[in-house]
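Chemist: Residue strings, one per chain:
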Amino acid sequence: MATSTQTEEVAGPASRASWLRRTLTNQQVVLFVVLAALIVFFGLRNSLFFQTGEFSNLLTDFSGLVLIALAETYVIVAGGIDLAVGSTAAVSGVVAAGWIQPLVNAKVNEALVLVVGTLACAAVGAAAGGFSALLITVFDLVPFVATLVTYSVGAGLALVISGGAPVGYDPGAIYWSASGIGMVTWLVAIILVISVVLGVVLHLTAYGRYTFAIGSNAFAARAAGIAVRRHLVSIYVMSGVLAGLTGMFFYIRSGSGAATTGVSNSANLIAIAAVVIGGASLTGGIGRWAGTMLGAAVLTVVSDGLIFINVPPTWIQVVVGALIAVAALLQTFRRRSRRLS
Amino acid sequence: MTTTETRTPVLELRHLNLHYGSVEALHDVSFSAYGGEVIGLVGDNGAGKSSLIKTVSGVNTPDSGEIYVDGQLRHWRSPHDSMMAGIETLYQDSGLAPDLSIGANIFLGRERRRRGLLGRLGFLDQRAMEREALEQLARVGITIPETQRTVSELSGGQRQAVAIGRAIAWAKHVIILDEPTNHLGARQSAEVLKVITSARAHGLCVLFISHTLPHVLEVTDRIIVLRLGRVVRDAPTSQFTVESLLAAITGLSE
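Residue numbers (this note's numbering), protein chains in the order written: chain A, -5 to 335; chain B, 3 to 256.
Derived from the structure by calculation, the hints contain no laboratory data. Quick caveat, the model's predicted, so the values are computed rather than measured. One thing to keep in mind: the hints can contain errors.
Partial list, computed: chain B residues near chain A (C-beta under 10 Å) [as the list claims (entries may be wrong)]:
id: 1; residue: 65
id: 2; residue: 82
id: 3; residue: 88
id: 4; residue: 93
id: 5; residue: 99
id: 6; residue: 115
id: 7; residue: 118
id: 8; residue: 219
id: 9; residue: 243
id: 10; residue: 245
id: 11; residue: 246
Chain A is faced by these chain B residues, among others (derived, beta-carbon under 8 Å) [stated by the list, open to error]:
id: 12; residue: 87
id: 13; residue: 124
id: 14; residue: 125
id: 15; residue: 127
id: 16; residue: 230
id: 17; residue: 234
id: 18; residue: 236
Okay, the calculated beta carbon distance ranges per label pair [unchecked claim]:
id: 19; chain 1: A; residue 1: 178; chain 2: B; residue 2: 189; range: 28 to 34 Å
id: 20; chain 1: B; residue 1: 213; chain 2: A; residue 2: 135; range: 35 to 41 Å
id: 21; chain 1: A; residue 1: 323; chain 2: B; residue 2: 77; range: 34 to 40 Å
id: 22; chain 1: B; residue 1: 94; chain 2: A; residue 2: 221; range: 58 to 64 Å
id: 23; chain 1: B; residue 1: 236; chain 2: A; residue 2: 323; range: 54 to 60 Å
id: 24; chain 1: B; residue 1: 203; chain 2: A; residue 2: 191; range: 45 to 51 Å
Where a beta carbon is used, it is the ideal one built from N, C-alpha and C, also for glycine.
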């Protein structure tokens, strides 16, 4: 293998051209351009789009999606899928709302109410994720089926517990949700910080490296001494916790928990769409934090922007479908060009 | 290969027996292997080659018999135990994570952490790993221009060379290679055989499992023939030809 032909074969005279092609077909670069173009397009069509109030709205809508999209990134990179994130947000919001309502009624300090609510949501989310993990690692269900079970159970329980009506009423939470510095509310800031931490863990730590290794070749990961089963459990539990935090996010914004949160809008599928648009492979091993962030941003801008230019909301899903198709085609093209080079 | 009896074998198997239910997979298998020795392990399908390497690497637990590594009696609870004891196993077509970089694959499961607090939080020292990966591969004669490239971008021969390079880099005593030249073209196979030779030069013992008898005759010092779970021949490679080896494998020589 030490021969010079080896080096030529890999680097090749065409390496500069292939570098250019790599950059042009790089999902993140393309997404960034698309995102910028979308913002300019919507802004030109309706100048209100550039006003700070709308920017703040975009950030808030983005925050409602980004945690479950990043959770989905970990799961998909590890070679799985989590259909339960939407209903986990619903059930944790509903359960936590019921638990903390006595605190709200007793006029306890709002910060304490929100901290307790956040812990409660995280705990319910962890239980939901743990249930999926149990089905997958102990009962050997494929992730699609296991998380479909969790999704269904969660959505059903949320309805049963709430009776179909919003649970609790917490005006203090709504009031807090609007506070912050300038355009960025504290709520958004906290979620963005969590998002950055998730990116750092995915790409810079051993935990993230093992996630990629397991999704790429679980057998090799196990042979290399990685505790594959334990790692997968931790990923589904983390996904549940992040979905639970998303449930808390919607509780804070509306001051109550609702069984429709994350279910009526198929948040699980939107999260998966963000990950796929971001360039991840559903077969595992491939995915990037920046891709998911940009994917979630594009989806947020498209859904909000279409309303700004008076496109009926019913069309949004069609546009999202088209975006997924383009992203998937780009990935196929990239894979093919890599094989040829 | 001159096996001086005074040296401690890096791997010694004594009377290994293994059953799968009523099927006898290994029957009283014993042999010693020394550092700097390439041993060919051959046999027909079902002769016990896979059972044997899985027992040595800790996937299977023998019903009876002992495994000594560098003179010490060892018991494996998992493949990880054998790895820690200095035995690297390269399973057929499954050694690497294709979506990870070459460097990440070399260090898979043995990641270098950053110094201090960051390292304790699990932060990886990616630069050190890429640099060391390049050095480790160069040490066994594998030249890769950039280790950031993912394994999926390499040719079959290059992948296999990287996988073996990784095994050599970490093995303290023994490398087990299961059909490393399978599915490879002539030139790529030659590259893999060259890497095996370089492992021997580094004083490692290589257990080379292959159906391709010319490769076995080319690269090994000694050949162990298995048939129906038993060792039927254990002799220096110079005593075999393709024909006599084939006869030993099929049992026509007796």
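Chemist: Against this structure, judge whether each hint is valid.
Modeler: Results of checking the hints against the structure:
1. For residue 65 (chain B), the interface hint is violated, since its Cβ never comes within 10 Å of a Cβ in chain A; the closest pair sits about 24 Å apart.
2. A least Cβ separation of about 4 Å between residue 82 (chain B) and chain A falls short of the 10 Å threshold, and the interface hint therefore holds.
3. Against a cut-off of 10 Å between C-beta atoms, the interface hint on residue 88 (chain B) is violated, since the closest Cβ of chain A lies about 14 Å away.
4. Using the Cβ-Cβ criterion of 10 Å, the hint placing residue 93 (chain B) at the interface with chain A is satisfied: the shortest such distance is roughly 7 Å.
5. Satisfaction of the interface hint for residue 99 (chain B) is found here, the shortest Cβ-Cβ separation to chain A being roughly 4 Å, below the 10 Å cut-off.
6. Checking residue 115 (chain B) against chain A: minimum C-beta separation of about 7 Å stays under 10 Å; hint holds.
7. The interface hint given for residue 118 (chain B) is broken, as the beta carbon of that residue sits about 14 Å from the closest beta carbon of chain A, more than 10 Å.
8. Interface restraint check: residue 219 (chain B) against chain A, minimum CB-CB distance 22 Å, threshold 10 Å, status violated.
9. The closest approach between the C-beta of residue 243 (chain B) and any C-beta of chain A is roughly 29 Å, which is over the 10 Å cut-off, so the hint fails.
10. A distance limit of 10 Å between C-beta atoms decides the matter here; for residue 245 (chain B) the minimum to chain A is near 32 Å, and the interface restraint is violated.
11. Hint on residue 246 (chain B) is violated. Least Cβ distance to chain A is approximately 32 Å, over the 10 Å limit.
12. Hint status for residue 87 (chain B): violated, given a least beta-carbon distance of 12 Å to chain A, over 8 Å.
13. Hint status for residue 124 (chain B) relative to chain A: holds, with the closest Cβ pair at about 4 Å, below 8 Å.
14. A cut of 8 Å between beta carbons decides the hint on residue 125 (chain B): the least distance to chain A is about 5 Å, and the hint holds.
15. Here the hint on residue 127 (chain B) is broken, as its CB sits about 10 Å from the closest CB of chain A, past 8 Å.
16. Because the beta carbon of residue 230 (chain B) sits about 28 Å from the nearest beta carbon in chain A, more than 8 Å, this interface hint is broken.
17. The restraint placing residue 234 (chain B) at the interface with chain A is violated, with a minimum CB-CB distance near 30 Å, outside the 8 Å limit.
18. Residue-level restraint check for residue 236 (chain B) is violated (minimum Cβ-Cβ distance to chain A is 28 Å; threshold 8 Å).
19. For residue 178 (chain A) and residue 189 (chain B), the Cβ-Cβ distance of about 59 Å falls outside the hinted range of 28 to 34 Å, so the restraint is violated.
20. The given range of 35 to 41 Å is respected by residue 213 (chain B) and residue 135 (chain A), whose C-beta atoms sit roughly 38 Å from each other.
21. The hinted range of 34 to 40 Å is not satisfied by residue 323 (chain A) and residue 77 (chain B), whose Cβ atoms lie roughly 54 Å apart.
22. Distance hint for residue 94 (chain B) and residue 221 (chain A): a CB-CB separation of about 24 Å, inconsistent with the stated range 58 to 64 Å.
23. Range check, residue 236 (chain B) to residue 323 (chain A): about 58 Å between beta-carbon atoms, so the 54 to 60 Å window is met.
24. Take residue 203 (chain B) and residue 191 (chain A): their Cβ atoms lie about 47 Å apart, and the range 45 to 51 Å holds.
The earlier numbered hints that this structure contradicts are 1, 3, 7, 8, 9, 10, 11, 12, 15, 16, 17, 18, 19, 21 and 22.
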